[in-house]
Amino acid sequence: MDAYLFIDFGSTFTKLTLVDIEREEIIATEKAYTTVETDVTIGYENALKKLKEKTNGEYNIIKKLACSSAAGGLKIIAIGLVPELTAEAAKRAALGAGAKVIKTYSFKLNNSELEEIKNSNADMILLAGGTDGGNSDTIIHNAEMINKFNLSIPIVVAGNKSSNDEIIGIFGGNIEYHITENVMPNLNHINVNPARETIRNIFMKEIVHAKGMENVENSISGILMPTPASVLKAAEALSMGSRDEEGIGDLAVLDIGGATTDVHSIADGEPTNPGVFLRGLEEPHSKRTVEGDLGMRYSAISVFEAAGTRTMKKYLKYDDLDIEKEVHKRSTNPSFVATDEKEIDFDEAMAKVCADISMKRHAGFLETVYSPLGNIHTQEGKDLMKLPYLLGTGGVIVNSKNPKDILSAATFTMEDPTSLKPREPKFLLDKEYILSAMGLLTMVDINMAVRMLKKYIVEI
Amino acid sequence: MEKKKVVLGVIGSDAHAVGNKILDYSLTNAGYEVVNIGVLSPQEDFINAAIETNADAIFVSSLYGHGEIDCKGLREKCNEAGLNDILLYVGGNIVVGKQDWDDVKKRFLDMGFDRVYPPGTAAEVGIKDLTEDLSKRG
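Note that the protein sequences, when read in sequence, are chains A and B.
1 is the number of the first residue of the first sequence in the numbering used here; add one for each residue after it.
1001 is the number of the first residue of the second sequence in the numbering used here; add one for each residue after it.
Quick caveat, the hints were computed from the structure, so don't treat them as lab data.
Watch out, some of these pointers could steer you wrong.
As the list claims (entries may be wrong) - DSBU-like, lysine-lysine: derived pairs with alpha carbons at most 35 Å apart:
| # | chain 1 | residue 1 | chain 2 | residue 2 |
| --- | --- | --- | --- | --- |
| 1 | A | Lys75 | A | Lys49 |
| 2 | A | Lys75 | A | Lys426 |
| 3 | B | Lys1021 | A | Lys100 |
| 4 | B | Lys1077 | A | Lys118 |
| 5 | A | Lys108 | B | Lys1098 |
| 6 | A | Lys108 | B | Lys1077 |
| 7 | A | Lys313 | A | Lys360 |
| 8 | A | Lys52 | B | Lys1003 |
| 9 | A | Lys100 | A | Lys31 |
| 10 | A | Lys161 | B | Lys1021 |
| 11 | A | Lys360 | B | Lys1004 |
| 12 | A | Lys148 | A | Lys64 |
| 13 | A | Lys148 | B | Lys1077 |
| 14 | A | Lys148 | B | Lys1005 |
| 15 | A | Lys103 | B | Lys1077 |
| 16 | B | Lys1021 | A | Lys386 |
What the hints assert, rightly or not - Partner residues are not named here, just some residues of chain A that face chain B (Cβ under 10 Å, in silico):
| # | residue |
| --- | --- |
| 17 | Pro83 |
| 18 | Gly129 |
| 19 | Ser335 |
| 20 | Val337 |
| 21 | Leu366 |
| 22 | Thr378 |
The structure displayed is predicted, hence computed values, not measured ones.
Glycine included, each C-beta is placed from N, C-alpha and C at the ideal position.
All chains, full assembly: derive it from the sequences and hints.
Structure below.
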């Protein structure tokens, strides 16, 4: 029987998912340690061997596709003009492409900033600035600076279209550049998808080679995108469907990992209350935020720092544990697995803190303006109050006995009445841990991906 | 020739949206490109919008009487942001009560506004002045 093999090269685990094409079913999943220090092929071959033993080699794999967040994932520096406008739009485009945004710069760059960029370990730069027909001095200045410092990483140019010709002239054959559409073509309207796709293409064609992945490339059909981009694609497919298959509508994905917590929302987030004025930059329909300080292992200490003892205690069943000791144990030993009841309770309390804070940062908020006309409410960010679905993924949620409790921590409470978190969403679970694999499947057969997502993502 | 650009908005905690729409419509019809940031706009939003779009003028409306407080320091902030020669216009019910107009006008001109309009001014007046002011600059 014919099958697709999807591979997710994670920072710790290489995860394999084998899909029966005809029956549209998951045949088996398998994982092994990622061996990025030596050769990722070793870990991959290990997992593949185990997978083949499981299935007795009954399947004929016709396509092997991968996503990767190994070796730190895709690291991008975003450059814009005004911090709240094009710099923010560039940052959102990079996040939507599944990247880790290591720093955002704005206005005209100086020598020391360029030194900093040159010495950073960024894989790519997203250069924006100015609306179409708007400011062009700044982006041209910044292009000249990039040229002066001879940056050797690819530059994605997504700024004022009127300055493109001049930038091409500046970069010439010296700098590798890719011109795409402006991330903010007119004020407060953002256009992140063309930049997202350009970044993904460069990642697929070039970046993976630089990450010690070239050996494994020979044995698979391609590494298509960073893992978070794949999760976002799966979420989009489940929400919006395809030309032939209907999606389930607006949703958000909460993905709690070892180092970060990602939140993806596929929704417009328009105000649900009348008389609320929207403020700030327009929100992309598919929005991803990453919380680098919220994670179950590598970031355990910063979870505690962000939450404080009080919030941790709110979620802990057993409060006789030494919280500081527990978070240290997890951050110094990332492969720690909670086994007894108290440890599991502690892990889940941490997951709830991650859910709570990450959703608060992702969702919009209301502000009251006291005016002579009475109180006026303004909204910044997305209103997710009436969001119908919240989907959980990531080890701690997938393996939990009470995934619903963890997801509930991400919902609206009266303790925080101005935060526009989902109020009463239905909870969904990525039980088989297949979101990233399904994101890859959308690149081959989106209809099949939508059908499989609807089959394997279960309501809890 | 490229269209001249105007950033338009209602400043402060003011939610009067009707005049804003009329000005947007009139300016667009007169051949300007309007960057409308809408109601409830702080000074920073006017400035940020003008920087990104490379605007030629900022039109500030205020209808609720607190215009004087809301507008204070706008010119200085524009200068600070590098928008040295941007035209600043203001109009509406910009002060409280029935005050002597010449006095009000002087106060706003001193604040650094290029044009100041009393209540009930037709949009055409401001547009005519804008065309004139811009042509002087060439």
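How the hints compare with the structure:
1. At roughly 31 Å between alpha-carbon atoms, Lys75 of chain A and Lys49 of chain A fall within 35 Å of each other, so this suggested pair holds.
2. A hinted pair counts as satisfied when its Cα atoms are at most 35 Å apart, and Lys75 of chain A with Lys426 of chain A qualifies at roughly 34 Å.
3. For the suggested pair Lys1021 of chain B and Lys100 of chain A, the alpha carbons sit about 41 Å apart, so the restraint of at most 35 Å is broken.
4. Annotation: proposed proximity of Lys1077 of chain B to Lys118 of chain A holds, straight-line Cα distance about 33 Å (limit 35 Å).
5. This hinted pair does not check out: Lys108 of chain A and Lys1098 of chain B have alpha carbons roughly 46 Å apart, beyond 35 Å.
6. At most 35 Å may separate the alpha-carbon atoms for a hinted pair to count; Lys108 of chain A and Lys1077 of chain B meet this at roughly 18 Å.
7. Proximity of Lys313 of chain A to Lys360 of chain A is assessed by CA-CA distance (about 19 Å); at most 35 Å being required, the pair is judged to hold.
8. Distance hint between Lys52 of chain A and Lys1003 of chain B is unfulfilled; the C-alpha atoms sit about 65 Å from each other, more than 35 Å.
9. For the proposed pair Lys100 of chain A and Lys31 of chain A, the alpha carbon gap of about 24 Å is at most 35 Å, so the pair holds.
10. Between Lys161 of chain A and Lys1021 of chain B the CA atoms are separated by roughly 28 Å; this keeps the pair inside 35 Å, and the hint holds.
11. With a C-alpha separation of about 41 Å, the suggested pair Lys360 of chain A and Lys1004 of chain B falls outside the 35 Å cut-off, and the hint is violated.
12. Pair hint Lys148 of chain A plus Lys64 of chain A does not hold up; C-alpha atoms about 41 Å apart against a cutoff of 35 Å.
13. About 32 Å separates the Cα atoms of Lys148 of chain A and Lys1077 of chain B, which keeps this hinted pair within 35 Å; it holds.
14. For the given pair, Lys148 of chain A sits about 33 Å from Lys1005 of chain B by alpha-carbon distance, which is consistent with the 35 Å threshold.
15. Restraint check: the Cα-Cα separation between Lys103 of chain A and Lys1077 of chain B comes to about 26 Å, which is no more than 35 Å; the hinted pair holds.
16. As the CA atoms of Lys1021 of chain B and Lys386 of chain A are separated by approximately 30 Å, the hinted pair is consistent with the 35 Å bound.
17. Interface hint status for Pro83 of chain A: upheld, as the beta-carbon distance to the closest one in chain B is roughly 9 Å, under 10 Å.
18. Because the smallest distance between the Cβ of Gly129 of chain A and any Cβ of chain B comes to about 8 Å, under 10 Å, the interface hint for this residue holds.
19. The closest approach between the C-beta of Ser335 of chain A and any C-beta of chain B is roughly 46 Å, which is over the 10 Å cut-off, so the hint fails.
20. Look at Val337 of chain A: its Cβ only gets to about 49 Å from chain B, farther than 10 Å, so that hint breaks.
21. The closest approach between the C-beta of Leu366 of chain A and any C-beta of chain B is roughly 13 Å, which is over the 10 Å cut-off, so the hint fails.
22. With 10 Å as the threshold, the beta carbon of Thr378 of chain A comes within range of chain B, its nearest partner Cβ sitting at about 6 Å, so the hint holds.
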